[in-house]
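Novice: Residue strings, one per chain:
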Amino acid sequence: MGKERVAVVGIGQTKHQATYDGSIATLVREAAERALDDARMGWSDIDAVVIGKAPDFFEGVMMPELYLADALGATGKPMFRVHTAGSVGGSTAIVAQDLIAAGIHERVLTVAFEKQSESEAMWALSLPIPFQPPMHAGAGGYFAPHVRAYIRRSGAPDHIGILVALKDRLNALKNPYAHLHEHGITFESVKDSIMLWDPIRYSETCPSSDGACAMVLTNEKGGDEAAAQGRPPAWVLGTAFRSEPTMFAGRDQVNPRGGQDCARDVYAQAGITDPRRDIDVAEIYVPFSWFEPMWLENLHFAAEGEGWKLVEAGVTQMDGDLPVNCSGGVLSSNPIGASGMLRFAEAAMQVRGQCGEHQIDGVRKALGHAYGGGSQFFAMWVVGTEKP
Amino acid sequence: MPELILPARLQGIEQVRSFRAPARLDYQFTAGLATTRFLRAVAEKRLVGQRCPKCQKVYVPPRGACPTDGVPTEEEVELAHSGTVTTFCVVNVQFYGQVMELPYVSALILLDGSDIPIMHLIQEVPYDQVHMGMRVEAVWVPDDELGPTLESIKYFRPNGEPDADWETYKDNV
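Chains V and R supply the protein sequences, listed in that same order. If you read the first sequence in numbering that gives the first Met the number 0, its first letter stands for residue 0, the second for the next number, and so on. If you read the second sequence in numbering that gives the first Met the number 0, its first letter stands for residue 0, the second for the next number, and so on.
What the hints contain is simulated information worked out from the structure, not anything from laboratory work. All figures in this text were calculated on a predicted structure; none of them were measured in a lab. Misleading hints may appear alongside valid ones.
[Claimed, not checked] With beta-carbon atoms standing in for the labels, derived distance ranges: (1) V:Q228 / R:R19: 30 to 38 Å; (2) V:D191 / R:L24: 12 to 20 Å; (3) R:D111 / V:T245: 53 to 61 Å.
[What the hints assert, rightly or not] Reference listing, derived: stretches of chain R covered by chain V, where coverage requires no fewer than 3 residues with Cβ under 8 Å from a Cβ of chain V: (4) 9 to 22; (5) 81 to 91; (6) 102 to 116.
Glycine included, C-beta positions come from ideal geometry on N, C-alpha and C.
Taking the hints into account, I'd like the entire structure generated from these sequences.
Specialist: Right, dumping it as structure tokens:
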């Protein structure tokens, strides 16, 4: 159907932190300028802007894309807003790539952000509604029972969640943009941290971050030009999103159908038949440590009930055969709306060899993954060094 | 963030970096037919679900249609006030507006005769004795406090029955 090839030629992010000392406009502009610099482009080179963030109610700024148009050089240009809860950073990148794949635009700037210091995300996620009791337990209260269900179904030992948290926080020490840099962290310190939502401990939980991520995507011509100038692009080999209803009888919230189908779709597009063998590195949306083994199964890296064994065997460590979240992941930086795009961007950075201390050698194909809502929105892409 | 350079007449003045501006939003929620019937029943101390005519699954609270088959769910089913804890968590974090004493147990409870769990509190039992498969019953507010809200159920408590067999609730875990 004459689809254009799409290349990632510029990537930028802010230093993620508890409180960014500037406005939302300054935050997104900083990430966008870094992406443009990386792409050797200026504002006038961009045809359209696609922006995403978690629900407006978090910061209480309704339709922030209108206010941010000037800061992002979008005045007089097409600007799109994408909404898919926590997966939005991934979905936003996919919408941007679709505009190029469809031949509508040549160069698209895509941006995602969250400024949790200006918001009450936990409260915004726990609004009183008349047919639910006033439990007010936030995202952790929603996901913890499903983590318990995973532990029961798989028979995973308690230390798996600790191992993931420790790995991601140690990886974050190699990423200057990560929010948490916990130099003194140990297995014992994670284990001894308070159970916030038993079975989820404090140190197995993501932080609240301010941060933004931006990417410049181009058509094949733009990708070829970047490569000719010695700045190899990451080629988009496949993109997919899926959603499923929050509530239906028999819904599997440990291994949701939407995620399984989304992964099969993106692998088929990227020519991946054995993800464990064919994917060199993965950035997976893991806001609570137990979601690493759960998503390893959902993403077909392990059979059902076996994901925790990969964690225990060290497979997902930086020196394992499937490194996961070398950036430190969502567990180390969680500017919610940007968190999905950061997974996509970190996958592209691994392909482009831009990761510095957390770079894995010889990455040819990488997976970026995001999920959101009550495990009901999924967005994924596979990027690689070779043109599709 | 780039350095702010202020004009001379403003130098030496403390900058306002942020201020708190609480936002409040009141809105009308249109419950729809199915939820209205459910909430009116709750105000009468009854739990009413609806059965899908195709898959036969019983939804509570009912939403008026089966999400799987996309057909109206019209048959009403009177549900027991007892059920099984399918899974749960122990909440030990306090935040804005929370009135619960910590820690408390938030559980998914599969009411007998239904096919989808509801979330509610488990009390009258030490938090570390709550477990999957535990049989529980609803404790309602006094009759003169009943209203069209699930807050009409104060919490669930163990009803003394032996634990449910894993096979009876594993499809809801």
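Novice: Hints first: check each against the structure and report whether it holds.
Specialist: Status of the hints after comparison with the structure:
Take Q228 (chain V) and R19 (chain R): their Cβ atoms lie about 48 Å apart, and the range 30 to 38 Å is violated. Between D191 (chain V) and L24 (chain R) the beta carbon distance is about 40 Å. The supplied range of 12 to 20 Å is therefore violated. Judged by the Cβ atoms, the range 53 to 61 Å given for D111 (chain R) and T245 (chain V) is violated: they are separated by roughly 23 Å. Under the rule that three or more residues need a Cβ within less than 8 Å of chain V, the assignment of the region 9 to 22 of chain R holds, with 4 such residues.
With a threshold of 8 Å between beta carbons, the proposed coverage of the region 81 to 91 of chain R by chain V holds, since 7 of its residues qualify and at least three are required. Figure legend: the region 102 to 116 of chain R, annotated as covered by chain V; annotation consistent (6 residues with Cβ-Cβ distances under 8 Å, at least 3 required).
The structure does not agree with the numbered hints 1, 2, 3 stated previously, though it agrees with the rest.
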